[in-house]
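*Asks:* Residues per chain are reported as follows:
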Amino acid sequence: MICAPPEKIFRATRNRPALARERARLARAALADCRLCAHDCGVNRLAGETGLCHAGAEARFFSAQVEVSDELELMPTFSVALSGCDLRCDFCITGKESWNARAGLGFDSFQMAERAKLALQNGARTIMVLGGEPTIHLPSALEFVSLLPASAKLIWKTNAHGRTQARELLDGMFDVWLADFKFGNDACAQRLAKVSDYVRVVQENLLWADTHSELIVRHLLMPGHVECCWRPVAAWLAANLPGVKVNLRAGFWPAWHARRHGEFKNSLSVSENQFAFGLATELGLNLIP
Amino acid sequence: MNRQTNRRRATSSAEKAVCEILILPDGKIFAHNITPTMAAVLAELNPADEAMSRRATRKKTFKNELPN
Chain A
1 MICAPPEKIF
11 RATRNRPALA
21 RERARLARAA
31 LADCRLCAHD
41 CGVNRLAGET
51 GLCHAGAEAR
61 FFSAQVEVSD
71 ELELMPTFSV
81 ALSGCDLRCD
91 FCITGKESWN
101 ARAGLGFDSF
111 QMAERAKLAL
121 QNGARTIMVL
131 GGEPTIHLPS
141 ALEFVSLLPA
151 SAKLIWKTNA
161 HGRTQARELL
171 DGMFDVWLAD
181 FKFGNDACAQ
191 RLAKVSDYVR
201 VVQENLLWAD
211 THSELIVRHL
221 LMPGHVECCW
231 RPVAAWLAAN
241 LPGVKVNLRA
251 GFWPAWHARR
261 HGEFKNSLSV
271 SENQFAFGLA
281 TELGLNLIP
Chain B
1001 MNRQTNRRRA
1011 TSSAEKAVCE
1021 ILILPDGKIF
1031 AHNITPTMAA
1041 VLAELNPADE
1051 AMSRRATRKK
1061 TFKNELPN
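Residue numbers (this note's numbering), protein chains in the order written: chain A, 1 to 289; chain B, 1001 to 1068.
Derived from the structure by calculation, the hints contain no laboratory data.
Watch out, some of these pointers could steer you wrong.
Once the Cα atoms are required to be at most 25 Å apart in a straight line, the calculated DSS-like pairs of lysine-lysine come out as [to be verified]:
#: 1; chain 1: A; residue 1: Lys194; chain 2: A; residue 2: Lys96
#: 2; chain 1: A; residue 1: Lys245; chain 2: B; residue 2: Lys1016
#: 3; chain 1: A; residue 1: Lys117; chain 2: B; residue 2: Lys1016
Calculated from the model, a selection of chain B residues having no Cβ within reach of chain A, i.e. all distances over 10 Å [what the hints assert, rightly or not]:
#: 4; residue: Glu1044
#: 5; residue: Leu1045
#: 6; residue: Ala1056
Ideal placement from N, C-alpha and C gives every residue a C-beta, glycine not left out.
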């Protein structure tokens, strides 16, 4: 008899609310010398200083609603999008709010938790915290988690550009890490998102997330970037995270400042799309819808 | 656009459900932040889109999608 290998199942710790409360306190203190993301700015956000993300000490949000856009196994999800990000992707679909940490409304953890709990009662399967990038708002995100039922399935939607400090604070807090691997090389990351040392940082985060939670990796196919970005990402995933769930997304939308880049004047071609999915199959990636 | 208008827009997008749709000249439709109701509309537009149909079916099991 051939037995399939057991599927890894991660459940956040049963005393998550209490632990999250304590972590939120630590995360807020960390803002005095903010090194939550890999930019490693070291600014005192509690004293009004801002680093590359321009975020202050208090989180804001620009969207909170039930959605069915995400992976089928996660939806419907109550999705909370915090304003601001530590990357500057020119093609960002929510660029106006993601580039501006002051966009939207002040984030009240208690009120948002009430909305999230109501959404769960009404049929939402999961609660997703995203941005922008939620890592830069770790204190508020953890305060929010502390107010949610321990049994709720929580999703951390991230650009995977955090540092060790953020990961330690996040350990055991979210059931699923839904992490982007956007660029297959540092040159594209620098040109399109103004970020250096991108590939190493993301790989480090993905390897960590795979051993500390359930991991789903997302890659958005970009016109003109199948060879330089998708191919190396796919090859690395096949070699280093075999079997990891991968959501290969083909709906590139020339949003925000995408038109600054010649290759983004068109949408993804049919041949690029076919090649990208063919490569995934060839490498044995575990694609999920 | 003045600052007050900007603020009003920001407030409304955070307080209300928002789904954005882009229709290209070749008829391709892109959507993000899809609510269950919008998934049902998009599934009607292209019944052959199996993925959207599966998203739309979730609406049947979800009530009161705007818990405000």
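*Asks:* Does each hint fit the structure? Answer for all of them.
*Replies:* So, going through the hints one by one against the coordinates:
no.	hint	in the structure
1	A/Lys194 - A/Lys96	holds, 16 Å
2	A/Lys245 - B/Lys1016	violated, 32 Å
3	A/Lys117 - B/Lys1016	holds, 18 Å
4	Glu1044	holds, 15 Å
5	Leu1045	holds, 15 Å
6	Ala1056	violated, 8 Å
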